[in-house]
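There are 2 protein chains.
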Amino acid sequence: MSEVLEKGKAAKMASYQMTGLSTEEKNTALALIAEQIVADQAFILEENNKDIETGKERGLSNAVLDRIMLTEERIQGMADGVNQVTKLVDPIGDTLEKIEKDNGIHIEKQRVPLGVVGMIYEARPNVTIDAAALTLKTGNAVILRGSSSARFSNIALISSIHRALEKSSVTTDAIQLIEDTNRETAKELFTLNDYLDVLIPRGGKNLIDTVVREATVPVIQTGAGNCHIFIDESAEQTMAEKIVLNAKLQRPSVCNAIETVLIHPVWFEQNGMELLKALREHEVEIYGDGTIHNAFPDSKLATEEDWYTEYLGLSVSIKIVESVEAAILHINKYGTKHSEAIITNDDRHAAMFLQNVDAAAVYHNASTRFTDGFEFGYGAEIGISTQKLHARGPMGLHALTSTKYFIKGTGQVRR
Amino acid sequence: MSEVLEKGKAAKMASYQMTGLSTEEKNTALALIAEQIVADQAFILEENNKDIETGKERGLSNAVLDRIMLTEERIQGMADGVNQVTKLVDPIGDTLEKIEKDNGIHIEKQRVPLGVVGMIYEARPNVTIDAAALTLKTGNAVILRGSSSARFSNIALISSIHRALEKSSVTTDAIQLIEDTNRETAKELFTLNDYLDVLIPRGGKNLIDTVVREATVPVIQTGAGNCHIFIDESAEQTMAEKIVLNAKLQRPSVCNAIETVLIHPVWFEQNGMELLKALREHEVEIYGDGTIHNAFPDSKLATEEDWYTEYLGLSVSIKIVESVEAAILHINKYGTKHSEAIITNDDRHAAMFLQNVDAAAVYHNASTRFTDGFEFGYGAEIGISTQKLHARGPMGLHALTSTKYFIKGTGQVRR
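Going down the list, the sequences are from chains A and B.
Take 10 as the starting number for the first sequence in the working numbering and just add one per residue.
Take 10 as the starting number for the second sequence in the working numbering and just add one per residue.
One should not assume that every hint holds.
If chains are identical, the list can't say which one is meant, so a pair holds when it fits in one copy or spans any two.
What the hints assert, rightly or not - Simulated crosslink set (SDA-like; lysine to any residue; CA at most 25 Å straight-line):
{"hint": "1", "residue 1": "K18", "residue 2": "K342"}
{"hint": "2", "residue 1": "K107", "residue 2": "R357"}
{"hint": "3", "residue 1": "K118", "residue 2": "T104"}
{"hint": "4", "residue 1": "K110", "residue 2": "L254"}
{"hint": "5", "residue 1": "K96", "residue 2": "R260"}
{"hint": "6", "residue 1": "K309", "residue 2": "K417"}
{"hint": "7", "residue 1": "K214", "residue 2": "N202"}
{"hint": "8", "residue 1": "K107", "residue 2": "E319"}
{"hint": "9", "residue 1": "K18", "residue 2": "S332"}
{"hint": "10", "residue 1": "K251", "residue 2": "I61"}
{"hint": "11", "residue 1": "K107", "residue 2": "G388"}
Calculated from the structure, these hints are not laboratory results.
Only chain A is shown next, with the shape it has when bound in the complex:
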């Protein structure tokens, strides 16, 4: 039996046991995990260093190496994260509906775990701890499939988690890692319908596209963020500039950073050059449409492809659009339904934009960078869903739950 199949079966069995765990049992296990990874940090750092060395040999970029790298501080941060999850309210067992029927039947809809969650992710080993903590808190079993570039780190972290679980009432099968990082093991997870209840990819566009295309297991799409800001005719110059710079620069590599700015021609005529200069001063590469490129030679001419591009870095596409309607059309065509903003003093335009732009989060006069589970006060974030089923936008613990109807009778039959 393959590693994936074997671990899938074990996870399914574990998930049945886990439906009976009390909040206290889960929190105790979480606290033990937080403690154990700090206790094991020398070993974890040693194994992490193997990944770093291998990564250097393979010529990984410094940015990627930084994502893989663990330090004492980062391990403490992971442990703190787990302890935060302990404090969150346990959603499992919540009663969502009560229906009393005339025939005496009592129906109750309760929140239950999803069952087995599959997680496929890249580079960052902290996702291993993060995903383990959130799935455990929600009574799910999890199968983790990290990338080869963090393999030693992930194996070390899982062994630490297992040491912790052995002291708890949670089976070690509740949290498992696929150690074989061959492409085939990812593909096996895509179609493990008998044992996986959901598959959550966390990573770049290629990973997510592949999962959506190939998986027969239900998927939650996360993360692709080709986000826009539309600066309307009536936008305040300082507010627009401040928001654009924040949404582009405060953390360019994340999904809620903006990739395209759409500008009303009247606003552009009055304030456009200043904005373009400010962006260039911050070393942002500008891909402009014809008007922008002509007016501002220190820019590149955008291709059709650029409007679709999530740069995740110091680049931005800029286009002049004639109206709020044109902005909406552009965003609904090129966007990824993540976070979209309008800067305007015209409430009618704002309302039209918020209603008609098809995205998880729509903003009026604020930075798109707020789309985040912690910023929204959920105390956790499994990812940011860009699909419309099950969960949309920042996913807290609820996204890792399902529901179940409990019906109690005294012999009732249907007439």
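Position chain B relative to chain A; hints supplied.
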């Protein structure tokens, strides 16, 4: 451009217009549809008769022909159904969360339409009206893909719907039918990710399995119901028999009817023969395990395949299981996560069963036939979801909605 692509694009454009529809506008359009199909009934029946004649030539069974057949009464029933939907509370625009942040940002999570719903279904032309009404009420555009066996009926119904919409403020692109019933058009819908937000198959296991396997569009799985009743040692004889007969016989062709009875050996010894005889008196074919088959020769010996089979007719599999734990294991292995019941006077056994059986609806001392959107009081039913994401169990209007975060600021940026 293919029919599917063309209608997909038109549906997407329609869906953007539909987010702005008021409840009144939607209800007016629904009332017009109800009126129009009754006004057009002569034409609809004429076209339906073509399907019936073609079906007879193709040698369709009487059961299938009955599902296709329309009558004045059935058309009136469809119109009544649409009028019922008019009366349901409109979920769109409901505020689900309000978050005020210290920095003055105001976040509101509201219920919004899904966008474009694809529906692939078999035989029954009433699904055309049903799906049109429910998607319109929830502000979604819909693309319907019925089967070739009801093609004339569906085209007639859609033309009637369009005549109604022309008198309303809803575009006719909101409700479209794929007229080409070639297998290829279904396949095209499976991967129409740019224009479809969800695909809901309604039909037999083969259709649903194909959609799950081949679709890249998000799918809601409905309907497969390999449901069980476990008769525990302490079950009352009369209650157990009454519930088993009801769950098997009241309407054998539907998904919440039972397909397998699991019986505790002690109960079987005392009451088993009587139950088997009662089932045979109602012409139910019995597929028993070794014990049953030996004790009751008027039965067939069940094969491994039989435990997986959804008969949807007058057949039932019966097995002796030693304990509630064994019953749970059997159900979690062979079931389809739909509706599962335990008959017992032992509350501890009931609690164990309800918690550990993995299904949308779990019953203690009641018939599985109650799993139904109307029985649960939702006033509508799009189908019964057997998956755990998005919607589980009977799906009312909420299952056809998503959510969206509306964020209003005064220039806030992230620090």
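The hints, checked one at a time:
{"no.": "1", "hint": "K18 to K342", "verdict": "between (42 Å within a copy, 11 Å between copies)"}
{"no.": "2", "hint": "K107 to R357", "verdict": "between (41 Å within a copy, 22 Å between copies)"}
{"no.": "3", "hint": "K118 to T104", "verdict": "both (6 Å within a copy, 21 Å between copies)"}
{"no.": "4", "hint": "K110 to L254", "verdict": "between (57 Å within a copy, 21 Å between copies)"}
{"no.": "5", "hint": "K96 to R260", "verdict": "neither (28 Å within a copy, 49 Å between copies)"}
{"no.": "6", "hint": "K309 to K417", "verdict": "neither (67 Å within a copy, 33 Å between copies)"}
{"no.": "7", "hint": "K214 to N202", "verdict": "both (23 Å within a copy, 15 Å between copies)"}
{"no.": "8", "hint": "K107 to E319", "verdict": "neither (45 Å within a copy, 30 Å between copies)"}
{"no.": "9", "hint": "K18 to S332", "verdict": "between (55 Å within a copy, 22 Å between copies)"}
{"no.": "10", "hint": "K251 to I61", "verdict": "neither (38 Å within a copy, 67 Å between copies)"}
{"no.": "11", "hint": "K107 to G388", "verdict": "between (28 Å within a copy, 16 Å between copies)"}
Of the numbered hints given earlier, the model fails hints 5, 6, 8, 10; all others are met.
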